[in-house]
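Spelled out from the first residue to the last, the chains are:
Protein chains: 2
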Amino acid sequence: MMDVKYKDLIAFHGHSCPGLAIGYRMTTAALSFFPGKRSEDEELVAIVENNACGVDALQVLSGCTFGKGNLIFKDYGKHVYTLYERKSKKGVRVVFNFGGIPENLRQDRAQFIDWLLTVPEKEIIQSREVAIDAPAPARIFKSVTCEFCGEEAMETRIRKVAGKTACIPCAEKQLGI
Amino acid sequence: MMDVKYKDLIAFHGHSCPGLAIGYRMTTAALSFFPGKRSEDEELVAIVENNACGVDALQVLSGCTFGKGNLIFKDYGKHVYTLYERKSKKGVRVVFNFGGIPENLRQDRAQFIDWLLTVPEKEIIQSREVAIDAPAPARIFKSVTCEFCGEEAMETRIRKVAGKTACIPCAEKQLGI
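In order, the protein sequence lines correspond to chains A and B. Residue numbering for the first sequence follows my numbering, starting at 1 and increasing by one per position. Residue numbering for the second sequence follows my numbering, starting at 1 and increasing by one per position.
Simulated from the structure, these hints should not be mistaken for laboratory data. Keep in mind that a hint or two might mislead.
Because identical chains share one entry, a pair is satisfied inside a single copy or across any pair of copies.
Unchecked claim - The list that follows gives simulated cross-link-like pairs (lysine-lysine, DSS-like), each with its CA atoms no further than 27 Å apart:
id, residue 1, residue 2
1, LYS142, LYS122
2, LYS160, LYS74
3, LYS74, LYS87
4, LYS89, LYS173
5, LYS5, LYS37
6, LYS90, LYS122
7, LYS37, LYS74
8, LYS37, LYS7
9, LYS164, LYS74
10, LYS173, LYS90
11, LYS5, LYS122
Could you put together the complete structure from these sequences and hints?
What follows is the structure, given as structure tokens:
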């Protein structure tokens, strides 16, 4: 975690932008409660309340990634991340405060990014410990072959259509939905 | 894209595993249709039909990331990725074939990963061009302050409860759901 720099976030995200800088500040604020940790497996879990650019910063910095099952998306459109550490059962909630941004800054994108990366944390971010239930760990299920397309799908996503085993896209096609 | 190695995928995902190796092979197969490209912005869009480990390989290799809006998740539990290039309007569908894996290989995890990384592509992957509609680009909306918690939420996620502006968590709390 300690070796990850903003340029590494740009390399992953593909470009620099205010959203990425916001995610950088929010994630480093959250991780300051869990020193030295980047999640190799599911030690940390992140619950993100938006799917904006900043979540890419969170993925790289925290190791809570879409493919690992420890990135939970709640589609609330809010700049809020909650990080949870399974071992300590500690939760931290971080909120970005748009009201802290001087209005004239937004006009110059490069200057705005610089400002976001360097402004004192307390001016743009609120963070506090919270009590939350442990999120369910990611699970792996066996695959079953769809009798319509012949492709495999996870058994929990298999449907029955006219007595046949169907993956969701084939089931919807058969049912005309 | 060309400089990304399997070790870079491990660095992002946090560990090596068969799922990451599968994602590596699926993504490189898909990207072979779009030479030299890693999506800096939304030039490429990926539609993934699972949220398993392999999607982390896809994020790093293709630049289709959760935070950039060009990673579309369809929860079908299928090892299928479809990549779409906006400029050429070309789509490519890649399917992983679990039937191609010798049964005894799965018992030795390290050996299984090595095999997945080196087996000829045609034994485990089917890829073909497909015609698909262009996915909608990511959009940014303004934020509105929730009158209950005082936090901001994207205007498309704002609800009205008892005549007041509410974010989704506050709306659900007010309504007891």
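Quick rundown of the hints versus the structure:
1. LYS142 <-> LYS122: Answer is between: at 23 Å across copies they meet the 27 Å cutoff, but 47 Å inside does not.
2. LYS160 <-> LYS74: Cα proximity of LYS160 and LYS74: across copies only (19 Å, versus 29 Å in one copy).
3. LYS74 <-> LYS87: within (23 Å within a copy, 31 Å between copies)
4. LYS89 <-> LYS173: The answer is between: 24 Å across copies meets 27 Å, while 44 Å in one copy does not.
5. LYS5 <-> LYS37: both (15 Å within a copy, 24 Å between copies)
6. LYS90 <-> LYS122: Within one copy only: 21 Å inside, 46 Å across.
7. LYS37 <-> LYS74: within (24 Å within a copy, 31 Å between copies)
8. LYS37 <-> LYS7: both (19 Å within a copy, 20 Å between copies)
9. LYS164 <-> LYS74: This pair counts as between: shortest inter-copy Cα distance 22 Å, intra-copy 34 Å.
10. LYS173 <-> LYS90: For LYS173 and LYS90, only the inter-copy Cα distance (23 Å) is at most 27 Å; the intra-copy one is 45 Å.
11. LYS5 <-> LYS122: Classified as within; 21 Å inside a copy, 39 Å across copies.
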